[in-house]
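Peer 1: Sequence:
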Amino acid sequence: MTILLALIATGLSTLALCALCIGDPKRNRATGSRAGGQTRRKRQLLAFATGLPGLICALTGDAAAFLIWLGGCGVMGWSLAIWFNRRAQEAD
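Position 71 (the sequence shown) corresponds to 71 in the numbering used here; numbering is contiguous.
Simulated from the structure, these hints should not be mistaken for laboratory data.
Please read all numbers here as calculations on a predicted model, not as lab measurements.
From the three backbone atoms N, C-alpha and C, an ideal C-beta is built for every residue, glycine too.
One or more of the hints may lead you astray.
As the list claims (entries may be wrong) - For each label pair, taking beta carbons as the anchor points, the in silico distance ranges come out as:
hint	residue 1	residue 2	range
1	89	45	28 to 36 Å
2	30	78	39 to 47 Å
3	33	61	37 to 45 Å
4	58	81	23 to 31 Å
5	44	1	27 to 35 Å
6	81	40	15 to 23 Å
7	34	59	19 to 27 Å
8	55	3	38 to 46 Å
9	26	51	16 to 24 Å
10	89	61	26 to 34 Å
11	8	83	37 to 45 Å
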């Protein structure tokens, strides 16, 4: 049950991280994209949505699921950053 909870939580957080990365106004400006990016309020809600599954893991008292979620979010966050950086370099 622990691993299933951790995988679902990590997947949900990854979706929110991906949405944050796509709409990041600073990254859009740096790549010369015409997309304006997300509003501050939308970014705050997405950041909250990113952390909410981890909070649920912690509140259920499942420390293993929380730690797996934490590590998974770190790995997925860096993977998204590298992937979006490569896409930006290929566009140049």
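Peer 1: A separate judgement is required for each hint: does it hold in the structure or not?
Peer 2: For each hint, the structure was consulted:
1. 89 x 45: 28 to 36 Å: 30 Å, holds
2. 30 x 78: 39 to 47 Å: 18 Å, violated
3. 33 x 61: 37 to 45 Å: This hint holds: roughly 43 Å between Cβ atoms.
4. 58 x 81: 23 to 31 Å: Holds, at about 25 Å.
5. 44 x 1: 27 to 35 Å: 32 Å, holds
6. 81 x 40: 15 to 23 Å: 21 Å, holds
7. 34 x 59: 19 to 27 Å: 42 Å, violated
8. 55 x 3: 38 to 46 Å: 19 Å, violated
9. 26 x 51: 16 to 24 Å: The hinted range 16 to 24 Å holds for residue 26 and residue 51, with Cβ atoms some 21 Å apart.
10. 89 x 61: 26 to 34 Å: 44 Å, violated
11. 8 x 83: 37 to 45 Å: With Cβ atoms ~22 Å apart, the hint is violated.
Taken one by one, the earlier hints fail for this structure at numbers 2, 7, 8, 10, 11, listed in ascending order.
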